[in-house]
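Chemist: Spelled out from the first residue to the last, the chains are:
There are 4 protein chains.
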Amino acid sequence: MVRVGIIGATGYAGAELVRILINHPEVKLTTITSRQYAGVSFTDVYPAMSGLTDLVCEEFHFDTFCEKTDVVFTALPHKLPMEIIPKLLNKGKKVIDLSADFRFDNVDAYEAVYQAHTAKDLFKVSVYGLCEVNRDAIRHASLIGNPGCYPTTVLLALIPLLREGMIETTQIIADSKSGVSGAGRSLALATHFCEANEAFKAYKLDGHRHCPEMEEVLSKEAGTPISLTFVPHLLPMNRGMLSTIYTTITQDYSLTDIRHCFESFYKDRPFVRLYPDVKRPPDVKYVQYTNNCDIGFYVKPGTRRLVLISAIDNLVKGASGQAVQNMNIMMGIDETTGLR
Amino acid sequence: MVRVGIIGATGYAGAELVRILINHPEVKLTTITSRQYAGVSFTDVYPAMSGLTDLVCEEFHFDTFCEKTDVVFTALPHKLPMEIIPKLLNKGKKVIDLSADFRFDNVDAYEAVYQAHTAKDLFKVSVYGLCEVNRDAIRHASLIGNPGCYPTTVLLALIPLLREGMIETTQIIADSKSGVSGAGRSLALATHFCEANEAFKAYKLDGHRHCPEMEEVLSKEAGTPISLTFVPHLLPMNRGMLSTIYTTITQDYSLTDIRHCFESFYKDRPFVRLYPDVKRPPDVKYVQYTNNCDIGFYVKPGTRRLVLISAIDNLVKGASGQAVQNMNIMMGIDETTGLR
Amino acid sequence: MVRVGIIGATGYAGAELVRILINHPEVKLTTITSRQYAGVSFTDVYPAMSGLTDLVCEEFHFDTFCEKTDVVFTALPHKLPMEIIPKLLNKGKKVIDLSADFRFDNVDAYEAVYQAHTAKDLFKVSVYGLCEVNRDAIRHASLIGNPGCYPTTVLLALIPLLREGMIETTQIIADSKSGVSGAGRSLALATHFCEANEAFKAYKLDGHRHCPEMEEVLSKEAGTPISLTFVPHLLPMNRGMLSTIYTTITQDYSLTDIRHCFESFYKDRPFVRLYPDVKRPPDVKYVQYTNNCDIGFYVKPGTRRLVLISAIDNLVKGASGQAVQNMNIMMGIDETTGLR
Amino acid sequence: MVRVGIIGATGYAGAELVRILINHPEVKLTTITSRQYAGVSFTDVYPAMSGLTDLVCEEFHFDTFCEKTDVVFTALPHKLPMEIIPKLLNKGKKVIDLSADFRFDNVDAYEAVYQAHTAKDLFKVSVYGLCEVNRDAIRHASLIGNPGCYPTTVLLALIPLLREGMIETTQIIADSKSGVSGAGRSLALATHFCEANEAFKAYKLDGHRHCPEMEEVLSKEAGTPISLTFVPHLLPMNRGMLSTIYTTITQDYSLTDIRHCFESFYKDRPFVRLYPDVKRPPDVKYVQYTNNCDIGFYVKPGTRRLVLISAIDNLVKGASGQAVQNMNIMMGIDETTGLR
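The listed protein sequences derive, respectively, from chains A, B, C and D.
Residue numbers for the first sequence follow the working numbering, beginning at 1 and rising by one.
Residue numbers for the second sequence follow the working numbering, beginning at 1 and rising by one.
Residue numbers for the third sequence follow the working numbering, beginning at 1 and rising by one.
Residue numbers for the fourth sequence follow the working numbering, beginning at 1 and rising by one.
None of these hints come from the bench; they were simulated from the model.
Careful, some of the hints might be misleading.
Given that identical chains are not distinguished, each listed pair holds provided it fits within a single copy or across any two copies.
To be verified - In silico EDC-like links for lysine to aspartate or glutamate, alpha-carbon gap of 20 Å or less:
(1) Lys300 with Asp206
(2) Lys300 with Asp70
(3) Lys300 with Glu215
(4) Lys279 with Glu335
Given the sequences, and given the hints that come with them, work out the whole structure.
Modeler: Structural data, given as structure tokens:
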């Protein structure tokens, strides 16, 4: 039984971790922390889970926390993890960090959109936890930078094709749409019910922080710098994310060629499902509350324009589900445990 | 007082016409028809309008209909208008058709996605009713092909730039999202509440009929054939449509250049509003229940990628509002009358 | 032309007042104030109205405000109006207050649920602005306490029957449901999108402040104290309010008797619509963006249990629409002006 | 391993049964039938479950169906079950019927609101599957009439108090609100997205068929005829149901007395959760996708009016979850298996 703790358990991603982990048969969730709700029962914050757990949110105390845990999930705003995680690693903990702090290889890329990084030496240790792509490295990792939600949709759709050289590395466009839970539980006018309901808009047109995260990974996969055009939008719904990605194929590949590329890449990857039938493309409805990433694709006949569609639940595969999947891989547990 | 009739008044577009026309100060709505609801009070079909109109849906009888009307709106499924409209024109009626039957110049383009056309000689008479672009031709028209909802968003964003040669004519991509009312009032599983709510997906990836409509207009405006990549999506909301359009500028134009192009083109066009502030792009919430088309734009610094965002209410500017705007222009009434 | 000002124009009720008043043909909206947005264009706060008004939110300065206005709407949190309104009345302004400060006759009832009242001498001057009931008094009033949204639904359904002695004064139950805009524009976890969407609950089971407001009016109308059982609920939608009211009739009245009572009471009241057909009861959809109150009713055969259903748009008839209706009546303008 | 089959697996309740049963550790779902989708993969009808099951919908053939099953769930429109179930029982199958056909004791009550019953002799065999109330009888049953969704909410809130004589048997009112999935997957204008979204109304004011179902059970529990006032409403959301129930207590019971009554009745019932804190009443959000029934209660001080609030997921505890709970009890499996 792996002893697990969550630092920051009362945001939406933290709570989703609790939901998954209390049902995980090879894990014992021993401790959860929350600054805002220290001393409060988790089920007082999330009554939906009443009857399923007796956990009480605790203040974070390093020593007592370490005593109770083998694996740690940090579900905190960026900047806090870079302070805590070095110490956790020193104590021999394995850490899965849901923030952006350890997703980058290049500190300049990180610092350009976040802030100064105080633990950048860990970049050579941390592994980008995109499970279907980096599974081997994850097996031996002690620190995982769990991918952002948008990057998960975009990268899983592009990497197989990039690796095979089947798409051009210029002019890649990702038009992404996210449910409101992606914006978290903190109050803001944009996520006030009457502002977000029956509404739809793009946001952060001039630069979302997930864009450099994607560009770094894509460039590495392609072996050449990739500049992505990325426009995120806010959907009037709770959960779910869908990216429509516009690319150009390098030769006159058929839909079957595209399909084979994906099938080959994802053949032992239980959470990726392919949608070869253009009459029935992915729908976020099909992935809600699951750890799946559903991928569809279409080439307009007579052209080289390839449209990719990729859908996930932003809180599961886009955050906490993938984090648990990472833990499973790190701990030698079957990848799907606790995630079906 | 212009005497107006609506053929097909109980679909969503027809009902929106009723809503607008009964409040229009220079018009008398004299007759409305409906096959499904003949003999039924309009307010029994749409109780929301109870107290505002006593109109009863009638069976369509050509002679009696003609006696009561000077201007006719046809809000019917395509194919029916091409049968009725020639006769209405013969009687001297002015006609605004909300179907696709008279939107095309090229009959082959029409027949490729709809069906055989039996009144194609009228193509040289009909005017494409995109008011902000074709206002002069509309003034003298007797038959208007009222634009589709998707085309309205895409064309109003692209035409000013195309005319000035500021964007490339290749690689134009429109990623469009529509509220469910765009699918009409006919029952279908895709628009059943539980299927569309908390859901989001692309549809008609392999070809939406609005695509050739847009391609024909764009090609004419550009003076060169344009092949558009167009992917429509279904939003879990009632009304509203937003297109995110990806283009490449032909030179290193600044945002100010783009803005000036739009300001100049739309300076006497009361229903187009510009959103130059990238921090506050258009939101469908801002255009619901209005005849406005809101346009935003952004160039990623150091690149030539121009993102355009265009939002309308699909039932107003995307259908019935624009139809009334067309009527106003045809009849010499101030363009905004009844539409504020 | 009546010169009108709004104190507190950027909350949802204030903004709805702006929307209505800028289209009102006999009014000039000369000034709007906002503490939070002083100096900001109204359309920067509500881009939807861009192009329709150039008003800039001002800081409230008593003298300049008074110079520009004949009629004043106060759309402020309770307690502030009781400080400002006495001075406005001294200057000869007519005032419509959307808060609870001047809705009560009995200061103890007010103070029990709000706070100490510093202008209670005005209670003998103020008129409860339930237009369909108090129209004559409103005509001569200088100060209107504009009714709460829940009270508007409940009182309009009950008063005609109470006046005729057709229902028992005991055991009246109102089960009310409100769209989220009723909670205002201030941020709160309960109205955060992900908490309110796909959710439904009762709230303030142990006492909503609209309950004593209703009890006071009902008791006065009945001539005997009435204790109401009132349970409000939060609907996952923007606008609209529906109350289902359970009462007992005092004799074996037929549905026709009930209908006649309502028809007689509301015969010159253009904003009340009756729904005698039990197969088609009121729906909040039918009243959205209107000033109507729709009322349905049903008696279970063989019993004396009368169910009443009453629906409004909480921001229009439940707040700003009724406020403008009050102004119309006070100023001798046709009641429906600006409200169709 | 219990071999289980579902007749009618592609409606919402049937599909929810599939979802639960394929994850149930002591059951093997061997066959599912569907008239509409015979020959189609279940995951083609419900792509969300793709990867989780290979089941193909079959035409129903009695003999082959019987060979593959020990326990049968019938999720069909009423009337069909009464034809099939007698034969299934003859073959020794245990049957859980989700329709109304075997919920009644009194055939007249059934026939008054449904149609002639052709298998009424089975009424003495069938058990009303309200698990928390009839657990002992269910253990030995071979035929379960699985309760309606509305009755589940209302009965679980009322029965403990009725049994103790703590509430009056007259003047019980249930104001119930249901998510749209309660209306099923069949197309209808009332459940068309644009009609149900941003809408709210009562329906079947003059008699919902769940009312006599509740009255029969309540009367039996109380030992005296109970006439219920029941008004159902349609919520603009997918899943969830909440009933607000108005009753009168027979003595001056305190909230603690009420609480003790519930605690005592439900102490070994893992799916009922109590909400004694009036500041945090049940919310349908807390029960979505669970088999829980959450119950809150409040007595207005100085009165005998008791308000009960009861929430479930209409597709789980209101249909398929409770059906599986019934199966668990019948088969001697732990009640919560497959339902956490």
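Chemist: Provide an ascending list of the numbers of those earlier hints which the structure does not satisfy.
Modeler: Failing hints, ascending: 2 and 4.
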